[in-house]
Amino acid sequence: MDKEKGIHLSELICVDNVSVHFHQTPVLEKISFTIAPGDLVGIIGPNGAGKTTLLRVILGLIRPTTGRVALWGRPAHRLGDFRERIGYMPQRPAFERRFPLSALDVVKTGALSPATLLHRFSRELQESARSALADVDALHLENRPFHELSGGEQQRVFLARALVKNPSLLILDEPSSGLDLPARELFLQLLSRLHQARRLTILLVSHDLTAVASLATHVMCINRTLHLHGRSGQVLNNPALKTVFRCQFDLLGAGFQEKEEEERD
Amino acid sequence: MIGELLSYTFMQRAFLASALVGTLCSTVAFFVVLRRMAFLGVGISHAALGGIALGLVTGINPAVTGSIFALAVALATGQISRRGRISEDTTIGILYAAGMAFGIALISVARGYHPDLFSLLFGNILAVSPQDLQLMLVVALLVLLFLILFFKELLAISFDEEMARAAGLPVSSLYLGLLAAIALTVIVSVKLAGAVLVSALLVIPGATGYRLSSNYRGMLILSLATGLAGSLGGLLLSYYTHIPAGAAMVLVMTLLFLLALAKKPGRPKIKTTKEEVP
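Residue numbers (numbering that gives the first Met the number 0), protein chains in the order written: chain A, 0 to 264; chain B, 0 to 277.
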C-alpha cells in the first residue's frame, strides 16, 4: 500500500466517494468501489442511472463534483502517459453516414494521442492497427469502407480501435447494443477470449443482462448511487435487483448460476 | 485566348486570387461537410458583413475589421454552443442575423457614404488589389499549414469526438482552430464571392468529393478539383458573360455537383458476407 496516497497498489481503479452534479442536479451520489487487475466488471442499471457518466468520470473526461478517482494510483484527470494503457469503446458515435474511412483508417484513429501530434503514422502503428484487426478476426475487412460494414463488423472494428495501443484496461460502453443475436453472440465470445488471452481488466456497461451474466466476474448495479456490488452471482440473484430496475419480472429468466458452479457441473 | 486574358494585370491577380480561394475553400470544405458545419459557413460570412461595414464606415481596413468580427462570431459560436446548452445551429442563427443587422444599421446611419453594397454582397473579383492578394496568400498559408499539420487529428475528432477526448487529444483547441480557419477563409474569399455566396464555396466542393469517393484521400482530391475548376471556370464565365464572379463560381460548382449527383454510386467491390458464429 502507498501510505502517502492511501491507495492499495493492487487496485487498478479506485473510486472514492464520488458525486457528480450537472447544473445542481445529482447524477451520481457517493459512489465508492475498487477494481483489481484482471477483473471483468459489468455495470448495469436502468436508463439514466448514470452508467456512462461513471465511465466518463473514470476516464477523466468529467471531474467529479466531490470525491476522487484514481487509476494506477494517479488522478483520472491527470493520467499523462498512463492514458495509453486504456482502450475505450464509447457508445456508437453519430458520425456522418458515409464517413469516408476504411476499417483500417478507423482503427488507426485509436492510435492517436498527444504524443503523435505533428507526427506521421509510422509503419509500426500501421502494423499495430492491422494486428488489432486480426485479433478481432476482421483483418479481411481492412480496406472496406467502414460505412459499408454490417453492425456487427463495425463493432468489431471499434473493438480493434480500442485494442490498438495494446491496453491493459478496456472500457466498453454498450458494445452489443443494436446487434442481432448471432452478431451479439460472436462479439461476446470475442470479448471473453480477449479477456482470458490478454489478462485484460474490462469495464463493461450494458443493458444486456444476459451478456453481463455470461461474461462478468463482478457486477455493479447503479441507479445514481451504487446499489449492489459483488461477484456476479451475488448481484444477479439478489432480489433487490428488481427494485433497482423497478420491474416485477425475473430479469434473467431462470435465474443465474455462477460460472464456477457451471464449470464444476 | 487565356494568354490574351492574362496579359491584363487585373486578370492575372484575379486568376491568382481565384486559384488561392478555390484551393483554400475546397480544403476547408472537406471538414465543413464531414463535420456537418455548412450552416456555420453561412453564419460567419453573413455576420462578417457587420465587421466589413464597420471598416468601410470608420476607414479602417475592412479586411481587418471583418476578420475580427468573423473570428469573434466563430469562437463565440463554439463557446456558446459548448457551454451554454444551446445548439450550434441556434447560436449561428442568432449571431448571423445580429451581425448582418449591425452592418445594415451602420451603413444606413453613415449618411453620405455609400459603399458598393452589391460588391460586398456578391463579390467583385476584378477589384482585387495587390494588398488583397498578399493577405490571401498569408491567410491561405496559415490555414493550409494548420489543416495539414493536424489533418489526422481533425479527421479523428470529426469521426468520433468522444474517443479523441478520451485519448487525451486537445479536442477543444482543435475545434476552435478549425472554426478560426473557417472564419479566415470566409474573410479572404468575401472579396471574390461576396458575403451572400461565399458559404457555397465552403460546401459544394466538399459535397462533390463526398458524393464521389468512399475514402478520405479521394474525397479531398475531388474536393480540390471541384474547388479549382469552379473558381477558375467561374472567373472565365464571369469575364465573358459579365455576371458577378461569385455567382459564376457558384453556378459552375453547382453544375459539377449535379453531375456528381447524377453519377450512379459505385457498387462495393466485395460482397458483404453473413457473420457466422463459430
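Calculated directly from the structure, the hints in this document are not laboratory data.
Careful: at least some of the hints might be erroneous.
Said to hold, decoys possible - Derived, one-sided and incomplete: chain B residues facing chain A with beta-carbon distance under 7 Å:
#1 Leu33
#2 Leu148
#3 Ala155
#4 Glu161
#5 Arg164
#6 Ala166
#7 Gly167
#8 Ser213
#9 Leu257
Backbone N, C-alpha and C define an ideal beta-carbon position, used for all residues, glycine too.
Verification of the supplied hints:
1. The interface hint given for Leu33 (chain B) is met, as the beta carbon of that residue sits about 6 Å from the closest beta carbon of chain A, less than 7 Å.
2. The closest approach between the C-beta of Leu148 (chain B) and any C-beta of chain A is roughly 6 Å, which is under the 7 Å cut-off, so the hint is satisfied.
3. With its C-beta approaching chain A no nearer than about 4 Å, Ala155 (chain B) sits inside the 7 Å limit, and its interface hint holds.
4. The beta carbon of Glu161 (chain B) comes within 4 Å of a beta carbon in chain A, closer than 7 Å, and the hint placing it at the interface holds.
5. Taken as an interface hint, Arg164 (chain B) checks out: its beta carbon lies about 6 Å from the nearest beta carbon of chain A, inside 7 Å.
6. A distance limit of 7 Å between C-beta atoms decides the matter here; for Ala166 (chain B) the minimum to chain A is near 5 Å, and the interface restraint holds.
7. Because the closest C-beta pair between Gly167 (chain B) and chain A is about 5 Å apart, less than 7 Å, the hint holds.
8. A hinted interface residue such as Ser213 (chain B) counts as satisfied when its beta carbon comes closer than 7 Å to some beta carbon of chain A; here the least separation is about 4 Å, so the hint holds.
9. A least Cβ separation of about 18 Å between Leu257 (chain B) and chain A goes past the 7 Å threshold, and the interface hint is therefore violated.
Checked against the numbered hints given earlier, the structure breaks only hint 9 and satisfies all the rest.
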